[in-house]
Amino acid sequence: MHRMIFGVLVVLFSAVASRGNIAMPASRALHARQVLRIIGFMYIPSLRRLDFIHFYKASVRFAMKDSNIVAGCLALLLLLVSPVAAKRPNVIFILTDNHGAWTLGCYGNKDIRTPNIDRLAEEGMLFTRAMSSNPVCSPTRATYLTGLLPSQHGVHSFLDNKYMVGPQAYYTLEEFETLPEILHSEGYVCGLSGKWHLGANRTPQDGFSYWITMVHGSTQNFYDDMIIQDGEIKKAPKYLTDLWTEHAVNFIEQNKDGDKPFFLYLAYNGPYCLGPSLSEPARNRHAEYYSDKELLSFPRDSIHPWQYNNKAFHNNIVSIRRVAAEVSGIDDGVGTIMDTLKKHGLEEDTIVIFTGDQGWMGGQNGFFGMGDHTRPIGAHDLMMHVPLIFRQPKQIKPGKTDIMVSNYDFLPSLLDYLGLEDRIPDKPKLPGRSFAATLRGEAIEWETAMFYEMEGCRSIRTENWKYVARRFPEGPTELYDMVHDPYERFNLFGQPRHAAIQREMAERLDAFFDEYADPEYDIWKGGRSKAHRLVAAEGHPEYRPQRKDQARKKLRGGH
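Take any residue in the sequence shown, count from 1 to its spot, add 250: that is its number in this note's numbering.
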C-alpha cells in the first residue's frame, strides 16, 4: 500500500512540474519530470506501461484544476519519500543439501512430487544449467556467501565437527565480507534457520539476529539430530525439515511489518541423500505414497569402478524411495513459505531464491552420490548441476534461461539485482559475473566457462568441451566432447587428434586459477585447506591409504 501511495504522489508531483507550478529552469524541470515518471512507474507495480501513460495524463489534468489538493499531496510525499524509497525487497534464500536438479519436476523428473517448487519455477526464472564449483557442503556454502572459490576462502572440503562447537570451534569466513554481513550493514534484519556448517555454530555470525542451526554438518536421520537454539544444544523436537520451515515462518512473521527489509537464510539439511538414513525407510508424510513406487528416474546400472562410498545404496529401492520422500518434504516447506508470503501480502516485496549446495547422482553412469564419494575425486556434470530459481512477481520475468552459471556468480548477481552493486567485494577479486540483467528479461552476453575444484581435482567446462585434471595425487586426466558425449562416457584425453583442444583447455584452467587462487589455499601449489584433506598424496601429513578393495584405478580409456 505504501508503494502505491508513494507512486501516486510522485506522479502528481511530476504533473505539477508539467503544469509549471514549481519554480525551476526549464531544462531542470524537464529532467525532473522524466525522473519522477520513471520512479512513479516503479512504485505502482500493478499498472501496465500503457495504463501508466493514461494515469499520468489524467494527473496532469487534475493538477491543472486543483493546485490546493496537489499541494497537500506534495506535503504527504515529503513525509513518505525517505522510508519508502529506501526499503529494498526482502530476500529469502532457500538452500538444500546434496540436491541434484534432476530430482525436481520442473527439471523433468516424472516420479518425484514437487508441485510447490514447480510453481515457484513457473512464476519465476529457472536456470537450466546452474552449476556448483565444488561437490561438498562446507565449500559450496562458503562460496554462495562470499562469491569466492575454495582456493580463495580456504574451505576445500567438509568441516570436521571439532570446528562446529567446542574449544577448537572457529568461524572459517571471519576474514571475508559475506552476503549476510553486507545485507545487515545495508539495513536488513537477518535470520538463519537450518544448516550452517561453516564453524562456530553456537554463535550467530555476520549480523544474524535470528539463529537456529545444527550442531554438526552431517545428518543422521532427520529426527534425532542435535540442534542449537538460543545458544543451547538440545535434541530436535520434530522432523528437521519441518522444524526449519517452522522457524522460517516465525522469522517472516516477526519482521513482516517492520521498517527494515529482511534476509532469511533457510538452509535445509535435506534431502541429504547419503549416510545411514538411506538404509532406513522414510518416515515423513510422503513415505506411504512412495512405498510401492519403482521410481525409474533413478537409473539401475552396474557400479562404476571409481565408486568409493555409498555402494550399498546403488539400485537399492529403500534408498531411492527415501531420497524421493525427502525431496518432497523440502517441497512442502517451500509451499509453506510461499503461502506465508501470500498471507501477509509480501509476495511482490520479496525475492525468493531456491537452489542446492551441490549436485548429486542417483545411479547415472554407475555413480551414487557426489564427487567426494569417488576415487579419484569426481567431476561429472551431475555432481555439479543444481536447481536455481529466482522469483519476485512483477519484477523478475518468468521463464527459463540456459546460460551456464556457477554458485560463485550468485553473490554479485544478487547484490546487483538489489541495487547494491557498489557493495560487491573487490578484495579478494571475485571470479564470478552478474546475471542480474537476465532476471529482468534483458539479453545478456555470457560466455560458457565454468570452473570447478575439489582439493587436487580441477576442471573447466565450456560449451563444447570439458577438461579435468588432478594433482596430489596425480591423474587421471579427462577430456570430453560435451556436444557428442553429454553424459561423459568416452574419455578422449591423450588422443592425438584432440591435442590442440586439450592443450588449450589445460592452459585456460591454469590461467584461471593463477589469476584467482590465494597462494595460501592453492593446493596445486602446496597451499593448505581449512578443512581436513579428504584425499592427499602419499607423504602429505594428512595422507590416508585407501581401502584395499577400493584401490584407485587409473583408467585411461572410456568409462
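Keep in mind that the hints were calculated from the coordinates and are not lab data. Just to be clear, a hint being listed does not mean it is correct.
Unchecked claim - The calculated EDC-like cross-link candidates involving lysine to aspartate or glutamate, where the alpha carbons are at most 20 Å apart (straight line), are:
#, residue 1, residue 2
1, Lys677, Glu770
2, Lys592, Glu373
3, Lys506, Glu425
4, Lys592, Glu503
5, Lys506, Glu436
6, Lys679, Asp760
7, Lys650, Glu692
8, Lys650, Asp589
As the list claims (entries may be wrong) - Simulated restraints, written as ranges between beta carbons of each label pair:
#, residue 1, residue 2, range
9, Gly595, Tyr793, 19 to 29 Å
10, Lys484, His734, 53 to 63 Å
11, Lys484, Gln504, 13 to 23 Å
Backbone N, C-alpha and C fix where the C-beta goes; we use that ideal spot for every residue, glycine too.
Against the structure, the hints:
| no. | hint | result |
| --- | --- | --- |
| 1 | Lys677 / Glu770 | 15 Å, holds |
| 2 | Lys592 / Glu373 | 13 Å, holds |
| 3 | Lys506 / Glu425 | 32 Å, violated |
| 4 | Lys592 / Glu503 | 12 Å, holds |
| 5 | Lys506 / Glu436 | 18 Å, holds |
| 6 | Lys679 / Asp760 | 17 Å, holds |
| 7 | Lys650 / Glu692 | 12 Å, holds |
| 8 | Lys650 / Asp589 | 23 Å, violated |
| 9 | Gly595 / Tyr793: 19 to 29 Å | 58 Å, violated |
| 10 | Lys484 / His734: 53 to 63 Å | 55 Å, holds |
| 11 | Lys484 / Gln504: 13 to 23 Å | 21 Å, holds |
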